[in-house]
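Visitor: Okay, here's what each chain looks like letter by letter:
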Amino acid sequence: MAENRHVTLKLEGVSKSFAKVENDEVTHALNNVDLTMESGEFISLVGPSGCGKSTILRLVAGLIPPTTGKITVNGQEVTKPSPERGMVFQKPTLFPWLTVEKNIAFSLQMQGKLKGNEDKVERMLKTIGLEDFRDDYPGQLSGGMAQRVALVRTLINEPEILTLDEPLGALDAFTRMNMQDEILNIWRQKKQLAVMVTHDVDEAIYMGTRVIVMEANPGRIVADIPIPDEYPRDRSSQTFVEYRNRILNKLHYGGKHQ
Amino acid sequence: MKTIFSQPLDSRSGKPSPEQTAQLDNLTRQQLKELEEKEKTPLQKALDLVIVLLPLVCSVVAMLEYQLIPNYTANKKPMTYLCLLVLLAVIYGLYLLFSLVKRGKGDRTVFDKVRYKAPLYSALFLFLALYDYLTLKTGILMYPFVPHLNAILNIAWEDRAYLIECTLHTLRLLFLGYFIGVALGLVTGITCGYSQKVRYWVTPIIKFLGPIPTSTWIPIIMVIASSLFGGAVFIIALGSWFAVTVASMTGISNVDKDYFEAAKTLGASERQLVFRVAIPHAMPSILQGCTQAMSSACTAIMIAEMMGVKAGLGWYMTWAKAWASYDKMFAALFVICFIFTVVTKALDLIKKRALRWQNGVVK
Ligand SMILES: Nc1ncnc2c1ncn2[C@@H]1O[C@H](COP(=O)(O)OP(=O)(O)O)[C@@H](O)[C@H]1O
Ligand SMILES: [Mg+2]
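Heads up: the protein sequence lines correspond to chains A and B, in order. Residue numbering for the first sequence follows the working numbering, starting at 1 and increasing by one per position. Residue numbering for the second sequence follows the working numbering, starting at 1001 and increasing by one per position.
Derived by calculation from the structure, the hints in this document are not laboratory data. Hints should not be assumed to be uniformly reliable.
[Claimed, not checked] In silico BS3-like links for lysine-lysine, alpha-carbon gap of 25 Å or less: (1) B/K1197 with A/K102; (2) B/K1257 with A/K91; (3) A/K80 with A/K20; (4) A/K80 with B/K1197; (5) A/K190 with B/K1351; (6) B/K1257 with A/K80.
[Claimed, not checked] Partial chain A-side listing against chain B, Cβ under 10 Å, derived: (7) P81; (8) S82; (9) F106; (10) Q109; (11) K115; (12) I156; (13) T163; (14) K191; (15) N217; (16) R220.
Where is the CB? At the ideal position from N, CA and C, for every residue including glycine.
Based on the sequences and whatever the hints tell you, model everything.
Guide: Here you go:
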C-alpha cells in the first residue's frame, strides 16, 4: 500500500456564520480560527455543544464554504468535498438499500475504480471482522457494527485527512473502548492526519496527540494541549488525570485546581 | 492491512463463539424458528391435521349442496359448476399432498403456509355453497338480477370469444395509460424533488389538479378527444402521472441530507447523488405511488369504458345490462376482479423484491 503524502492542513482566520432559521439573527459558529495540523497527528476537538466542532470538520471536508478566511491543504484551497478528505459521521449514514459489502464499495464505485480493486473491499471487511455479514443490509446491524462499516467505507479511499465527528458518541461504553483502540490502530498504521470531535474528555486524551479545547458564542479555540505520551495510554495514570483536570478547567468544569 | 484485533473476531461481530455452539453454525432461519417454538402437543398436531383437511370437507359439502337440494330455477348444463368445485378441491388436495411430502423431508414452510390459509379456503367453499343456496336453490337473492354461479360460468364459456376480446382491449388500454403516466410521473417527480426551479413551476399545476378526481375529466375528454381510445389513455395516464409525481417528489425531497453529505465526501458526483442516493432512498415512496397509480388507473378505465369507449370489459358490462343479460354482467365482473387482483398482486411482488432491504429493519 502506498504511503500517503505528507499534508499540512491550515485554517487561517476562518469564520463561519449561519443565518438563524427562526429570526433575522446570525449565529457565529466560528470566529477567527487559526489552526495548523499535519500528517501523523491525531487531533481531538473537545468543547461544549454548539461551539462549532462539527462546523470545523464540515469546512475541512469541503461540505460548506467559510464566511471569511481560508482552509488549505498543502497550500491548496479546499473548495469541494473529496475522497482524499474522508469523513465519518456520528450517525453511521450507511445506505440502507445497499448491503454491507456494497456500502464499503460505494466510494470506489462512484469514482469508477471498483474494477480491479475488489480485494480492497475484502480487506476492509476483514479489518472489521464482518466477512459473515457482507450480504446483510445495514438495518440488521448493531450500532457498533454499523459504525465500523461506516469507518472502513471512508478508509477504503486511504484518505490523507480523516475527520471523525463524534463517531463513538452513540455507542455503549464497551463497544466504545474497543473501537477507540481499533481507530488508533488504523491511524498508527498509516499515520494520516486524523481530526476527531468528541464530547468525552477521557476519549480525547486517550486518543489524541493534541487536544484542542473550544468554547461557544462565538465558537473559538481556547487551548491547544499536546499529549506526547506513548500509546496505549493508561486511563488511571497520574499524567492522564492531570491532563483531564487541565482540560476540565479550561472548560470551566474544574474542581480543586481552579 | 492485517487484522487489527486483539480479541477474537467473533466476539467483536456479536456472534456466539465456535466452541459454545458448533452445531448452531449452520442453522437456517426455519430451523431456528422450530428450535425456539414450543414443541406442539399431540393434540395440537392432530388439530393441525383436521384443519388442513377442512377445505376438502367443505368442498364436499358444497358439492352435496349443489347436487342434492332441488333447484328453484332452471339450470342448464349443470356439470360446469360441479367441475369447477372438483377442480378447486383437486388443486387444493395436490397442494396439501405436496406440503405433506415436503414436511416428511423436514421442510415445514409449505405445510405451515397451507395450515395458515386452510380456514380461509374452507370459508371460500362454504361461501360458494351459501351463494348457490341463496340463488339457484331458493331464489332469495332476487332472480334473475343475481344469477347463480353455474349460469355465470356457462355464459362466460359461451361468450368467451367476445369476453377475451374485451379483456385484451381493457388490458391494452390499462397498461398503455398506466405506463405512459408512470414514466412521465417519474421524470417530473424526480426532477421536481431534486430541483427547486422545476418545483417552482410544477407545484402550482399539481396544487390545481390535485383535488380534482381524474374521473371528472372523462366527460370533457370524451367530447374533445378525436379518438376515444386516445382520450381514455390520456385520462388513465393523467391519474397515474399525478400519483407517481406526488409520491416521488415527496420521496426525493425527504431524503436525509446526511446521506447526500456522506455520499459527497465519498466522491459521488451530482448525477450520482440523484441516481445512486436520492432515487434508491425514495424507492419505497415511489413504489407506493405506482401502486396508488394502478388503483387510480383501474377506476379511471372502468369509468371511461362505461361512459364512452365502446370496447373493453366496462363496456361489456353496460352493454350486457342494457340487454338485461345479468349473467353476462356478472361474468364480466368476475373477469375484472380477477384481472385487478392479479395486477395488484404482481405489483406487490415487485415492490417486495425491490424493497428487500427494508425487511428486518429494526424500527
Ligand atoms: N446549517 C446550519 N444552519 C444554521 N445554524 C447552524 C448550522 N450548522 C450549525 N449551526 C449553528 O452553529 C453552531 C455550531 O454548530 P456545530 O458546529 O454543529 O456545533 P458542535 O458540533 O460543536 O455542537 C450552533 O449554534 C448551530 O446551531
Ligand atoms: Mg456536532
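Visitor: Indicate, hint by hint, whether the structure satisfies it.
Guide: Now the hints, each set against the structure:
Restraint check for B/K1197 and A/K102: the C-alpha separation of about 33 Å exceeds 25 Å, so the hint is violated. Annotation: proposed proximity of B/K1257 to A/K91 holds, straight-line Cα distance about 12 Å (limit 25 Å). Restraint check for A/K80 and A/K20: the C-alpha separation of about 24 Å stays at or below 25 Å, so the hint holds. For the hint linking A/K80 to B/K1197, the alpha-carbon distance of about 23 Å falls within 25 Å, and the restraint holds.
Taken as a hint, the A/K190 and B/K1351 pair is broken in the structure, with Cα atoms around 44 Å apart against an allowance of 25 Å. Of the supplied pair hints, the one linking B/K1257 and A/K80 holds, its CA atoms being roughly 16 Å apart against a limit of 25 Å. Because the beta carbon of A/P81 sits about 4 Å from the nearest beta carbon in chain B, less than 10 Å, this interface hint is met. Satisfaction of the interface hint for A/S82 is found here, the shortest Cβ-Cβ separation to chain B being roughly 7 Å, below the 10 Å cut-off.
Taken as an interface hint, A/F106 checks out: its beta carbon lies about 6 Å from the nearest beta carbon of chain B, inside 10 Å. Taking 10 Å as the C-beta cut-off, the interface hint given for A/Q109 holds, the closest approach to chain B being about 8 Å. Below 10 Å, beta-carbon pairs count as interface contacts, and A/K115 has none with chain B, the closest being about 15 Å; its hint is therefore violated. For A/I156, the suggested interface contact is upheld, since its CB lies about 9 Å from the closest CB of chain B, less than 10 Å.
A distance limit of 10 Å between C-beta atoms decides the matter here; for A/T163 the minimum to chain B is near 9 Å, and the interface restraint holds. Checking A/K191 against chain B: minimum C-beta separation of about 13 Å lies over 10 Å; hint violated. Checking A/N217 against chain B: minimum C-beta separation of about 25 Å lies over 10 Å; hint violated. With a least beta-carbon distance of about 25 Å to chain B, the hint placing A/R220 at the interface is violated under the 10 Å criterion.
Violated hints for the displayed structure, listed by number in ascending order: 1, 5, 11, 14, 15 and 16.
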